[in-house]
Amino acid sequence: MIQLTNVQKKFGARQAVKNLSLTVPTGEIFGLLGHNGAGKSTAIGMMLGQVWPSGGEVRVCGHDVTTRRDLALQKVGAIFETPAFYDYLSGWRNLEIFTHFTARTSDARIREVVEWVGLTGREHGKVKTYSHGMRARLALAQALLPQPELLILDEPGEGLDPEGIHEMRETILRLHRELKLTILLSSHLLSEVEQLCTRIAVLNQGQKVFEGSLADTKRSNQWVRLRVNDFPLATKILTSAGLISSHREEQIELVIGMETDAVVRKLVEQGVGVYEIAREAKTLESFYLSLMSETKSN
Amino acid sequence: MFYLQLRNELWKLFGKKRTYIGFGAFLLAQTVMLLLFRFGDIRAGLSRMLSGNGYDASDYISALTVSVVMLIPQISLLMPLYATLVGGDMVAKEYEDGTLRMILSRPISRFRLLLVKWSAGIIFAMLLVLVLGVTALGAASILFPWKGMFVFVPGEAFSVLPAGEGLLRFAFAHIFLAINASAIMSVAFMFSCFNMKPAAATICALSFLLLSLVFENIPFFSSYENWFITHHFKCWLMVFQNPIPWSQIVQSEIILTAVSVTAFIIGCTAFQVRDIKS
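Those sequence lines, one after another, are chains V and U. Per this note's numbering, the first sequence starts with residue 12, numbered consecutively. Per this note's numbering, the second sequence starts with residue 18, numbered consecutively.
In isolation and in its complexed conformation, chain U is listed as follows (with noise of 0.2 Å):
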């Protein structure tokens, strides 16, 4: 029953287009993106860099390289925005449309309707950051060689790797990006699971995301970077430090594991005691 229920809520979530904004986004920002590296002034940069540290440039300006480069600003700005939309949607929205009173007329328990919900939400983001990794490395594959991999993010990362190295620890990436996003969801979930209209909830989300990240960039707070969610977020870019610092990374998504889990407790716990009336 679970497994009907939840490809139930499956259908709902991908039969409404909205749902598909955020994938649209993807390919809208990475074209452009991939137009301006190919044509604008980016790659000559990254090739400076390259050279300055002794590198051959022509080795390293490749499809991984670019991914990399295309994925930092979508998943800083758009996965936030999409995950939060589509978590903020899970439960108020169907609570305004009142099909939430419907399915509460069947013997279906609050917490497992919650349950196959949040599911779904958690499929929702690991395949957008899957569609988001697959697209950008399949359009990037199109225009550049494929080659070493070379990130540099300032503070976070400079690593040069061969391609079947760069390759595994992009793959690597992706599955820590998925519970960042799982996490964001959940949080925008847990927004949907009280008594507000769908848009408050992905506002609240946003809302949590932004103040989390200001607060971690006062100075003033560094000491208490860890309680901060955007922190944990960066953690992904780890995997292409050498050598990778793994237990920092389990650290930081077992925190983001507990947050969603804790998320979803907060919202169910709310959801029961409410009263749902039309």
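Okay, chain V solo, but in the shape it has when bound (with noise of 0.2 Å):
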């Protein structure tokens, strides 16, 4: 659904985006990770034409952004961290200005949207007078006017209050569901980026650090916790063995590809007591702080 090759952006002298390859597949949530200036709205930012890359293609819907825009746009809805909107105008001309940029949309359609996102009733009201909540959901009513099979979140969750967060939550969970709808979600938020995203993609410093599913970020851990009768013995015996590469209290980690039933097997033979043995259970959290810590030491 979105195809980044290569792609570079440069600011004056300074360098926000650097050789950025990215693919988000069709029915994916994808997340996009990376602190404050780490290239994440820069990297939207071009994916909506509103950004020209100083290098590198980016394809949406199979169409080049730069040279397409229109093509590569027609089916793809963006909600921004501030939704910004005409206040002195009621929600429902708000609409009415934003889908007439992508296509004659019929009063039916808006109505259906506006029912989808919960504003019944408050439609004809000014946006001025639309709580934060509100306006959230107008603004996820404009993106879907057109009929999206792409939506860009970028930092949809900031400044919502945790009620907010949690309805922001549900809502993605059952525009996917629902809609169908393929996500790029951009956030710093990584609880939510775990409890949404199938896969995720972090940048730092302008340059992608890891690309993967969820599930690899969580399978990458190689640390395992181990209660035993004799800790310096059994870090003895598996060093010595080639298991383990490190250990610190009550942990060791094992060596690439290495499975917790041979170091059982190992300290049983060698006459150790093995009374608890376990992988660490690693957080999106964990994951990117090493991720992230290990970036800055390279």
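Since the hints were derived computationally from the structure, they do not count as laboratory data. Hints should not be assumed to be uniformly reliable.
[Said to hold, decoys possible] Derived lysine-lysine pairs resembling DSS-like cross-links, with alpha carbons at most 30 Å apart:
no.	chain 1	residue 1	chain 2	residue 2
1	U	K33	U	K294
2	V	K229	V	K247
3	U	K251	V	K137
4	U	K214	V	K21
5	V	K137	U	K294
6	V	K307	U	K294
7	U	K294	V	K21
8	U	K214	U	K294
9	V	K139	U	K294
10	U	K34	V	K139
11	V	K137	U	K110
12	V	K139	U	K214
13	U	K110	V	K86
14	U	K294	U	K110
15	V	K139	U	K33
16	U	K294	V	K86
17	U	K110	V	K21
18	U	K110	V	K139
19	U	K33	U	K214
20	V	K277	V	K229
21	V	K191	U	K294
22	V	K21	V	K86
23	V	K137	V	K86
24	U	K34	V	K137
25	U	K214	V	K137
26	V	K293	V	K277
27	U	K33	U	K110
28	V	K29	U	K294
[What the hints assert, rightly or not] Residues on chain V that point at chain U, a partial pick, calculated with CB under 7 Å:
no.	residue
29	L59
30	L84
31	A95
32	I108
Quantities reported herein were computed from a predicted structural model and do not represent experimental measurements. Yeah, the Cβ is synthetic: ideal placement off N, Cα and C, and Gly gets one too.
Build the complex from these two chains, which are given one at a time in their own frames, with help from the hints.
As structure tokens, this is what we get:
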């Protein structure tokens, strides 16, 4: 659905995005992670044809955004961290204004979307009277009006209270489930990404430092919790057998490709009592932080 | 689709209170001038001038004469201010508010978007002039009789016309004033397309007009007067000359139209290469 190939962006002397290649497959909820200034918004800007890439190719829905923006964005909806509207006009009028930049839209379709997002009864009120949550719903309505296949959400949880974040999460899942949308979600709320996304890419200083499924981030954990009757002896045996690469208090790090059954077998053979062995459950947060410190040390 | 987008642009434009500042200021200025004309010394001065030239002042102190007298300061001072205010807002304000980023997540081309906005700006400029003329004439008709027209602008026009022909020329003058207003709005629109605040775009456009006026009035530059936009703004007054210098008027209007189109193209080019970021 989205394909970035060796994309670069320079703002003056500053390189905001460096050789970014990224694939967002159809049907996924794809998370774009990174700290502030990592290049997420610039990357999204380039996907929407708002920021011109200095090099590389950006394709959305099979079309090059730079040369065929009109076709590339035909089936795309977008929501930004602080959705802006014409506050002095009604919600309905705002929807008409935005949707007519894509295509002529019937009143029936606007009514349908207004109902879907739960704004019925308030759509003719001026936007300046809307609460933060209602504005978020209006933003969603304007994104859904052109019947998109791809939804781009740039920091959608920014500024929302816990209730709002919960509602946003449920809405995204509903959009994916009911409307079968491909969703690209940029965020630095790791817990949200963990609960929503099936694939992620992590950006750091304009470079991609990881791309893979959420399961990959957990699988990559080689740390195992180990309770034995003699931990120093156990680590000595396992190190000399080449099964672990390092250890710390009640934890061992398996060498790549090693499984826990081999560890247990070796320890039992050597007469060490094994009380408990389990892989440490790695959260996205711990994965992200280790990735960042790894990148920093590199 | 263009019609729908233009209609939406006009909703946006006329939904804002600040759009009406110009109309309100015109009404206020007209009321003050009308009262001064009715009860002040201006009328006596005009009567003396007419009598001195062999005309019966009572035949020419009319709604049409007063309308033109009221029009001149408003066209020179207020109209550029409000045309640049709206023109300077058109793109820069949307960028500042964040709505431009929302629009540009849609498959509309930047050129098309600017064309819609510029067209809305031209409609606003024309409406501003129309309202100015209609309200001036309407308000003057309440306090002054419908008689012949007398126009005197030092160095530009001295005319005494019957009411019918005066009205026709008054209407013609507004067509040319609309082109003037469109050119002013276009210059502000051009600055609005660059990466600057709306107020800065308005100030840049007003500065451009003032610089043009200053240069035009420096004697050394008199042979270059055709290069200054403000020189061509005066062409609407030529409608009141006898005979009407059509070739000069048409030349000025073509130049002003070219200025509008050039400003639009420069604005488009600047906007096309810009990165739109939050």
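Status of each hint after checking the structure:
no.: 1; hint: K33(U) to K294(U); verdict: holds (24 Å)
no.: 2; hint: K229(V) to K247(V); verdict: holds (27 Å)
no.: 3; hint: K251(U) to K137(V); verdict: violated (43 Å)
no.: 4; hint: K214(U) to K21(V); verdict: holds (23 Å)
no.: 5; hint: K137(V) to K294(U); verdict: holds (27 Å)
no.: 6; hint: K307(V) to K294(U); verdict: holds (27 Å)
no.: 7; hint: K294(U) to K21(V); verdict: holds (13 Å)
no.: 8; hint: K214(U) to K294(U); verdict: holds (14 Å)
no.: 9; hint: K139(V) to K294(U); verdict: holds (24 Å)
no.: 10; hint: K34(U) to K139(V); verdict: holds (14 Å)
no.: 11; hint: K137(V) to K110(U); verdict: holds (19 Å)
no.: 12; hint: K139(V) to K214(U); verdict: holds (23 Å)
no.: 13; hint: K110(U) to K86(V); verdict: holds (27 Å)
no.: 14; hint: K294(U) to K110(U); verdict: holds (14 Å)
no.: 15; hint: K139(V) to K33(U); verdict: holds (13 Å)
no.: 16; hint: K294(U) to K86(V); verdict: holds (21 Å)
no.: 17; hint: K110(U) to K21(V); verdict: holds (26 Å)
no.: 18; hint: K110(U) to K139(V); verdict: holds (17 Å)
no.: 19; hint: K33(U) to K214(U); verdict: holds (18 Å)
no.: 20; hint: K277(V) to K229(V); verdict: holds (25 Å)
no.: 21; hint: K191(V) to K294(U); verdict: holds (29 Å)
no.: 22; hint: K21(V) to K86(V); verdict: holds (28 Å)
no.: 23; hint: K137(V) to K86(V); verdict: holds (28 Å)
no.: 24; hint: K34(U) to K137(V); verdict: holds (14 Å)
no.: 25; hint: K214(U) to K137(V); verdict: holds (26 Å)
no.: 26; hint: K293(V) to K277(V); verdict: holds (25 Å)
no.: 27; hint: K33(U) to K110(U); verdict: holds (12 Å)
no.: 28; hint: K29(V) to K294(U); verdict: holds (18 Å)
no.: 29; hint: L59; verdict: holds (5 Å)
no.: 30; hint: L84; verdict: holds (4 Å)
no.: 31; hint: A95; verdict: holds (3 Å)
no.: 32; hint: I108; verdict: holds (4 Å)
Hint compliance for this structure: hint 3 alone is broken.
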